[in-house]
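Asks: The chain contents come next:
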Amino acid sequence: MSTLNLDVYMPVVILIVLATLVAGGSLLVGGLIRPHNPTKLKETAYECGEEPIGTAWANFNVRFYVIALIFIIFDVESSLMFPVAAVFKRFNEIGLGGTLLMSVLTFVLVLVAGLVYCWKKGDLDWVKSFHATKVNIAAKEK
Amino acid sequence: MNSTIFSYFSQSKELSTIISGLSKSLGFDATSLVAFIVFAIACLVVVGALATIGGLGTYAERKISADLQARQGPNRVGPYGILQFLADGVKMILKEDIIPANADRFTFILAPFLCMIGVFATLAVVPFSSGFTLTDLNVGIFYLVGMASLVGVGVFLGGYSSNSKWSMLGGMRGASQIISYEIPATITIISIVLLAGGLSMGTLIGGQGGMPQEWYMFHNPFAFIGFFVYFISALAETNRAPFDLPEAESELVSGYHTEYSGMRFGLFALAEYIEVFVVCGVATALFLGGYKVPFELGTGAILVEKLGLDIMLAKNIGQVLELGSFFTKTFALYYVVIWVRWTLPRLRVDQLMTLCWKYLTPIAIFNLLGCAVWMYAFNGKSIYSLIFETASTVAGHH
Amino acid sequence: MFSNTLFMLSAALTLGGAFAVVYSQNLMHACIYLLASLFGVAGLYACIGADFLAATQLVVYAGGVVILMLFAIMLTGGTGNKINRYGLEKVAAMGNKKTYFTAGFAAVVTSLIILKIIASVLRAQPSKELAANQVTVEKLGTLLATDHILAFEISSVMLLGALVGAAIISRPRKEKHD
Amino acid sequence: MINLGSYLIISFALFICGILVMVARKNIIAILLGIELILNASALNFVAYTKFMNNNLDGHIMSLFIIVTAAAEAAVGLGIVIRFFQLRESIHIDDAATLQN
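Going down the list, the protein sequences come from chains A, B, C and D.
Under our numbering, the letters of the first sequence match residues 2 to 143, in that order.
Under our numbering, the letters of the second sequence match residues 82 to 479, in that order.
Under our numbering, the letters of the third sequence match residues 1177 to 1354, in that order.
Under our numbering, the letters of the fourth sequence match residues 907 to 1007, in that order.
Just chain A, with the same shape it has in the complex:
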């Protein structure tokens, strides 16, 4: 297997191991010298002095998911764009820049259409009903 030169990945592995060692080591060393006398009160979650009611693992608002959804689509788009962007300069030098530019434009504009759609439909708004309440308030004042 001498032809597969993977030595370039050595620092990655060393750094990951080192990160684990630094984190684990400091916790371990601390574990030997720090005090440890837990009480029941100490081990409750801190909620500004109130006793916590129920669990924190409740349902969350769906807008977090919509953000994550738009994110993942654009994440995938960018990972497809990376290799094409990397060859753009070379294509430009041999005179194929226009063709590639057209395909990149098509690719990006199709996704921009998705972004515009989400924008128009209000998926990008964090406060969904803000506009509606403003209209309601204005209507009530009249």
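Honestly, the hints are just simulated from the structure, not real lab data.
Careful: at least some of the hints might be erroneous.
Capping the alpha-carbon separation at 25 Å, the derived lysine to any residue pairs in SDA-like fashion look like this [as the list claims (entries may be wrong)]:
1) A/Lys41 / A/Gly31
2) B/Lys439 / D/Val982
3) A/Lys121 / B/Thr435
4) C/Lys1273 / C/Leu1191
5) B/Lys94 / B/Val385
6) B/Lys462 / A/Gly96
7) A/Lys90 / B/Ile444
8) A/Lys90 / B/Pro302
9) B/Lys176 / B/Glu142
10) A/Lys122 / B/Arg429
11) C/Lys1274 / D/Ala919
12) C/Lys1273 / D/Asp1001
13) B/Lys176 / B/Ala132
14) C/Lys1273 / C/Ala1196
15) C/Lys1292 / C/Phe1195
16) B/Lys439 / C/Val1333
17) C/Lys1274 / D/Ile944
18) B/Lys94 / B/Leu107
19) B/Lys172 / A/Leu22
20) D/Lys932 / D/Gln992
21) A/Lys90 / C/Ala1327
22) C/Lys1315 / C/Met1334
Given the coordinates of chain A, work out where chains B, C and D should sit on it, guided by the hints.
Replies: Coordinates of chains B, C and D only, in the frame set by chain A:
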């Protein structure tokens, strides 16, 4: 195909004699072994240096904030209080480690480790100088984006595992903020990749020069805007003020690490400060010419020519100059990060999302298309060289 | 030497993570084990010179899909063991003896079929020297921009469809459903 | 150590794990986890065959599109799960059997 710190050192004669000697005495090809030792030492040096920089970052933060608010800041431990971060570290190690009874222990312990791994692994491709890059992977910048996204998982798990409402809110906010701002940052990086024609840090920096007009920041107007888009996104991605909503003290106690005490909190903080350095370093490498030194001093060729120095010595001097160049620019950006924190008020969460999705992302996409059109229209020339050429042809006509 | 170490580490991470996903009874933990498994797959890609794919795996899975899954878990009531109003277990549905038996049967059948297919490959181990790892990013970009340009463009349409469809599906509605 | 056989065995094990998760679990999100494992196994196979058989990069392109498809699938699938949860307060797969009768 990849240049690493090992390939830089193997230019010198001493290392090759060591390798051949070891190979003879051990009876097998010792290149890999020596490479491992070199990498291990270099990684230790980088991690040690970065941990110190992260520690000094907390000190600098307090000192600069004190300066901005006309206070003294820490001044008791060591000269000018510079050893404050060591005292903090000792305090954190000595603090009692509390894991809430209702917490999910497995994820509670795992979360700071994920943050640390995500940040430390990005250090592998940070280009400190042309020789002293731990490894210059072909997919350098893309690898960095991928590894940095582990921090988002760490932040989310930190918030989830504590089973405290503040933590959970902070974790959800933190994760959604980190992933949202990854988009404008990544698209801006693509526009720079478009200009440079490669993903490795060497290619990205190799297209730039030492002088400011040769930087990608001043290559064209789109890249100039792109720098600010990237910098704002990087601030938000590292949860720095004015984007510190996940750990907003006045609303969420301290966000996703409310329940973390002692060293576990320290690991989160250390990861955050090192990440700030990494994103400043990436901004330097992409936009501000990276390690390049004016007049090609970094290669050392001019020293050999004029002063007649030994080639390896001249190269080493060039490396030191390049290190200086990189660290100067990065620390300047680091100062700006801290400065911004004590200048701007915190955003509201809806403003945060509006800024990301309605301003930065469209601007980043516009910049990407603008860079592509610029590359096609002007054949990859920078605005400076265009002005220079036009001026010289005009001067030639008269 | 190091290649083998990297391969072993990645394979151990991949397989360990996958087995832990099967074994784990906690949905959140299973998601984290899946992250470990996907991380290992990225290492396996790196071992055979697919460095761009390894990085894509990191970006899309570690940063994207896993976060999306964690969000979805939080949006569907976390991991607390609750009973919904129809009396069915809400989240704890991680399988029982019957489903495990069915799964084991399905796995045995599938593994027999797959083993039959790959047996010939396993028996005839080609011992030829492997080609050296090459720079994949530029080649992939060239392929995407020339031979596979249609797939590249259509994938953007597919992503658009996914974005619009999922946004419509998951958009919060005002009216009550009962 | 690094040869086609070991890669095939690893992807085989991943695939079987995916099948086990997919069939044994009754939780829709857990089933999606299994699907991710299966997709990864197939992508790994494509890359391994590319490397050990013909060494052009078509398999890489295929794997790239598998990753893209998997991401889109996860986005839409989880969207459906969340919508279903909003309607039924459940992510049990047996609750989604209303089309059966």
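Asks: Does each hint fit the structure? Answer for all of them.
Replies: Here is how each hint holds up against the structure:
A C-alpha spacing of about 22 Å is found between A/Lys41 and A/Gly31, which places the hinted pair at or below 25 Å, so the restraint holds. Between the alpha carbons of B/Lys439 and D/Val982 the distance comes to roughly 23 Å, so the proposed pair stays at or under 25 Å and holds. In summary, the hint linking A/Lys121 to B/Thr435 is supported, as the alpha carbons are separated by about 13 Å, within the 25 Å threshold. With a C-alpha separation of about 23 Å, the suggested pairing of C/Lys1273 with C/Leu1191 holds against the 25 Å cut-off.
Distance hint between B/Lys94 and B/Val385 is fulfilled; the C-alpha atoms sit about 18 Å from each other, no more than 25 Å. As the CA atoms of B/Lys462 and A/Gly96 are separated by approximately 15 Å, the hinted pair is consistent with the 25 Å bound. Annotation: proposed proximity of A/Lys90 to B/Ile444 holds, straight-line Cα distance about 22 Å (limit 25 Å). Proposed proximity of A/Lys90 and B/Pro302 is supported: the alpha carbons are some 18 Å apart, at most 25 Å.
Among the hinted pairs, B/Lys176 with B/Glu142 is consistent with the structure: their alpha-carbon atoms are about 23 Å apart, no more than 25 Å. At most 25 Å may separate the alpha-carbon atoms for a hinted pair to count; A/Lys122 and B/Arg429 meet this at roughly 22 Å. Taken as a hint, the C/Lys1274 and D/Ala919 pair is honoured in the structure, with Cα atoms around 22 Å apart against an allowance of 25 Å. For the given pair, C/Lys1273 sits about 19 Å from D/Asp1001 by alpha-carbon distance, which is consistent with the 25 Å threshold.
Of the pairs offered as hints, the one joining B/Lys176 and B/Ala132 holds, with about 20 Å between alpha carbons and a cut-off of 25 Å not exceeded. A C-alpha spacing of about 18 Å is found between C/Lys1273 and C/Ala1196, which places the hinted pair at or below 25 Å, so the restraint holds. This hinted pair checks out: C/Lys1292 and C/Phe1195 have alpha carbons roughly 23 Å apart, not beyond 25 Å. Taking the CA atoms of B/Lys439 and C/Val1333, the gap is near 22 Å; set against the 25 Å cutoff, the hint holds.
Our distance criterion of 25 Å between C-alpha atoms is met by C/Lys1274 and D/Ile944, whose separation comes to about 22 Å. About 20 Å separates the Cα atoms of B/Lys94 and B/Leu107, which keeps this hinted pair within 25 Å; it holds. As the CA atoms of B/Lys172 and A/Leu22 are separated by approximately 20 Å, the hinted pair is consistent with the 25 Å bound. For the suggested pair D/Lys932 and D/Gln992, the alpha carbons sit about 18 Å apart, so the restraint of at most 25 Å is met.
The suggested pairing of A/Lys90 with C/Ala1327 holds, with an alpha-carbon distance near 22 Å, which does not exceed 25 Å. Restraint check: the Cα-Cα separation between C/Lys1315 and C/Met1334 comes to about 24 Å, which is no more than 25 Å; the hinted pair holds.
No hint from the list above goes unmet by this structure.
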